[in-house]
Amino acid sequence: MLQTRSAAPRRLIVAITGATGAIYGVRLLETLRRLGGVESHLLISSAGWLNIQHELQLGKEYVHPLADVVHSVRDVGASIASGSFATDGMVIAPCSMKTLASIAHGFADNLITRAADVTLKERRRLVLLVRETPFNLAHLRNMTAVTEMGGVIFPPLPAFYNQPTSIDEMVDHTVARVLDLFALGPALSPAWKGLRDAQD
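Okay, so the sequence shown: first residue is 233 according to my numbering, each after it adds one.
Hints may be right or wrong, so weigh each one.
As the list claims (entries may be wrong) - Each pair of labels, with its calculated beta carbon distance range:
no.	residue 1	residue 2	range
1	E380	A318	23 to 33 Å
2	K425	E401	15 to 25 Å
3	L427	E293	23 to 33 Å
4	A423	V384	28 to 38 Å
5	A318	P390	29 to 39 Å
6	L427	L267	27 to 37 Å
7	Q395	T365	16 to 26 Å
8	F317	P297	32 to 42 Å
9	K425	G291	40 to 50 Å
10	H337	V384	14 to 24 Å
11	L372	G269	29 to 39 Å
12	P390	K425	18 to 28 Å
13	H286	G426	16 to 26 Å
Since the hints were derived computationally from the structure, they do not count as laboratory data.
Ideal Cβ positions, reconstructed from N, Cα and C, are used throughout, including at glycine.
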């Protein structure tokens, strides 16, 4: 008699690394917690923690409870280090140029880059909110390499067509666009309807 496998829960890996823009990773976790229905797995590098503390004045007592599971970056034996552990994908928000380079060259030297490597090899969605400006040639080549492997390069550039009135609105719009890439539920960001008074 054949046994049917129960559907795996919706899972998303979220990593926060040492680039400016820690608010994107934290807001992503807050949004997932508010929406429910998605098991979040969190990774934060040591430099990521420095930025969370400096930019947001937040500590582990606030950030850790936002995730369902928190992994140590050094725990390369964690569940998310194996492709047999089903997830919907991974977001690195923000993604430092060091982390980008490690992913582009397959180093997998910590759990963040190993989980990203697993995400790519299993053909799952990997979204990198790369934060640096201006880009040098190494950055651009690394972004090209990750794109060729199936990753999505998503610099968190603010949109102004929706006429945001605060930084929070700009961050929320970016987070909504990122989560919509995973089709975890109804679209979070409003669809563009075109300019009603556009001229030819």
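Structure-based check of all given hints:
1. E380 <-> A318: 23 to 33 Å: holds (25 Å)
2. K425 <-> E401: 15 to 25 Å: Roughly 18 Å apart at Cβ, these two residues keep to the hinted range, so it holds.
3. L427 <-> E293: 23 to 33 Å: violated (46 Å)
4. A423 <-> V384: 28 to 38 Å: Given a distance of about 19 Å, which is not inside 28 to 38 Å, the answer is violated.
5. A318 <-> P390: 29 to 39 Å: Holds: the Cβ-Cβ distance is about 34 Å, inside 29 to 39 Å.
6. L427 <-> L267: 27 to 37 Å: holds (30 Å)
7. Q395 <-> T365: 16 to 26 Å: Taking Cβ atoms as reference, Q395 and T365 lie about 24 Å apart, which means the hint holds.
8. F317 <-> P297: 32 to 42 Å: violated (22 Å)
9. K425 <-> G291: 40 to 50 Å: holds (42 Å)
10. H337 <-> V384: 14 to 24 Å: holds (18 Å)
11. L372 <-> G269: 29 to 39 Å: At roughly 37 Å between Cβ atoms, G269 and L372 fall inside 29 to 39 Å, so the hint holds.
12. P390 <-> K425: 18 to 28 Å: At 20 Å between Cβs, range holds.
13. H286 <-> G426: 16 to 26 Å: violated (41 Å)
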